[in-house]
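Chains L and G, in that order, give the protein sequences.
Sequential numbering of the first sequence, starting at 1, is according to the working numbering.
Sequential numbering of the second sequence, starting at 1001, is according to the working numbering.
Facing chain G, a subset of chain L residues (Cβ under 8 Å, in silico): (1) GLN358; (2) ASP363; (3) ALA366; (4) LEU368; (5) ARG371.
Keep in mind that the hints were calculated from the coordinates and are not lab data.
Model, not experiment: these values are computed from the prediction.
In this text, a Cβ means the ideal position worked out from N, Cα and C, and glycines have one as well.
One-letter residues, chain by chain:
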Amino acid sequence: MSARDLLALESLAVVLEGPTGPVRALRGLDLRLSPGEVTALVGVSGSGKTVTGLTILGLLPGGAAVSGRMTWRGEVLAGDSAHRARLGREIGMIFQDPGACLDPVWTVGAQLVETVRAGGIPAGAVAEARAASLLEEVHLPADLGGRYPHQLSGGQKQRVMLALALAGDPDLLIADEPTTALDVTIQAGVLDTLRSVVRRRGMAMLFITHDLSLAGGFADRLAVIHEGRLVEDGPAAAVLDAPAHERTRRLLASLPENSPPRKPSAPAAGPPALSVAALRVEYARRRGLWRQGRGVRTAVRDVDLVVGAGESVALVGESGCGKTSLALALTGHVLRTGGDLRLGGAHRPPGTPSREAQLIFQDAGAALDPRQTCGAAVAEAAAAAGDARSSVEDFLADVGLEPDLATRRPHQLSGGQRQRVALARALAARPRLLVADEPTASLDVAMQARIVELLKTLQDDRGWGLLWITHDLPLARSICHRIVVMYHGEIVEAFPAGARPMHPYTRELVAMTPVLGAPPPVVDDVVGADADPPDAGCAFAPRCRFADPMCGRAKPSLTEEADGRLIRCPVVLRNGGTH
Amino acid sequence: MSRGGTRIDPGFPGRLDTASRWGLGLVLLVAALSVCAGWLTPTDPGAVGGAETHLLAPCPEHPLGTDVLGRDVLGRLLHGGRASLAVAWLSVLLAVALGTTVGLAAGIGPAWLDRVLMTATDVFLAFPRIFLILLLVAVTRPSLLLVAVVIGATGWMSVARLVRAEALALRGRDFVLAARGLELTSLRLAWRHFLPHVAPLVLVAATLRLGNAVLLESFLSYLGLGAQEPLISWGAMIEHGQGHLLDAWWLTAFPGLAITLTVVSYNLLGDGIRDLLDPRVGSGRRDG
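My request is simple: use the sequences and hints to build the entire structure.
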């Protein structure tokens, strides 16, 4: 090993105890991490990327067998609890779900001070000053220390986790999918903070992700892992320009941005799969100590939407914009408080779920009854649709599953298989409309690409309408004919997938989305999506870089442009469609 | 909705711990002895012996002694177990059936039904159970069937609350939304997607309640409101023997011991099943 290496892993092999026998998680992994360098470890689920991080930290579960050599600054590590104690302060770690790592009953400041004190700094002004400087380093206001975790947004929590990880002045930071659960705009900000911290401190960083476009713009070095060993390792730009290994090429090919936007569909005869007018969803909100105050929170505000038969429409927006409320109202799981909903032209009463509008959930594991076999789930849906002719095997074959899966229960399947079973069940119900709520968010890119292909083929064949809810614009473009963008419960723009977005909000979403080969986005101080919109005028105005005083006065209306685009932005309209 | 990640299989086949295996063994032993009482004790437990057999202390012919009428205590204990266990099982079955139905209806049905059923549950809970049982048994002719029905009909509330709480938690799960999306009837939804999930909870509650029901039956029989001659139950045996507490201890000690052992073994078994089915509320010592 070279003297520069901070950590060197040489032919590292890990065998874990699985429910059905030993699992070879790592099979001879070689990886070197140097100070000041960001290394991205990229791979599909099950490739061993998380196990690598846990092995470095000595956090593998009991029963794991580690072989090979790990050297930290030239010192050989044993991989046991002594190793963990030795490295506790020299390696920092941040995880995907920051909410699970913060104690809900203590303020963020108290948790930071506690961590600082664990490093040997006595309680009092010194520890508090140190905690405050850590908050500042991760771009959080100092007064945030007085708040509890539940009062923070997802991006703020992840920054707090970063501050906690930095408290011991580590030489290596391991980040395991730190932004997977965040919106693109928030993700861009957190990544920006991470990058600046690593650069300033000259730390080494291991960035574990399944997202090649994200890794490409963020890391100096890309290490592609497949089945427990590295198949490619080199400078990020070189790997992306000329991928040497088949696995890397396949990862690149499965990125949604590398597939062309979907062609507009020919208008189908007959009534549209879905048409809603002036749909509203309001939740009662009680305030005060005795919950005596009454108020209403509007999640969806007068939405008009049409999805033709055979048409795919993407509904895009940040978390909290009302897209999930809209999906639940469309499928009758949430009571709509206003508006007219038609499925296939027939009026549907509010608050009654309809077999004709099927939901596909983000987490297929939760969407399937754990005590029901996959075959029983599909058969139940077919029976509900009055379909006695088709067999369960036919439905499973449609989604590319073997018939013998019918006797298995959801926990015996992989994530991709579960989502296929959920899809088979939804299709067995013979829907007119499929409402898919980020169904591929928990899958890796390769699996996502396969599910998307499958959906497109099935839709061309069967002709149901598809409403695809996501915060991933490149993905939306590769699946859908039309894109509808929501902000604070309102549609702000609707345009064909091939067209250029015009609304400042959509443009911000595009700018913040990591794209392969492009430099990372420049992040201004983004006003959080969780901020309440102003009472008057455009809801987006406080975040809008093009906003002028006029925007704060009158509520803009959704206006149709000459090219058929719908847009809710006075600035764009005043300037004749250009900024 | 949560993102990926492995989750623990809810039906994970584990093993009962040592204490609950002892509990299971005792439960089976007591049940087997009671069922086979007729073959094990050839003499009629009601057969009255001559004066020379009255109040014999435990001896080779009568391992647990005899009572004031010269009847074998061992034989009466085995036959008494029949009545005690039958009442306990019947009452618990009734309580569980009632409680599960009310709980599921409240948890799955509309808000008004939930309110009505839970108010009823609270009213029943607020009513002094022992007083109700005593009143009902006192105004009618005492019989074991009546005792079982009364114990069952006054013991369903905790099961109903338990089942309702679980049903409310299940209501918001994605797979229940998916099932509702198929326009299944409420009955079908309850049967296919709620019952399989509350069944393990109900099983644990039932096992724990069985011990309680044995106690309650003994109490009623002790007061003379349960088993009537010539039927015997453990509680009735204690009642008969209490006059000779000092000179014939075996008349009360052995039925008392039988009651205690049975209650303890059902409780051990119930705790064990609970730990087995739900690792979250277990002893928390699983992996040290």
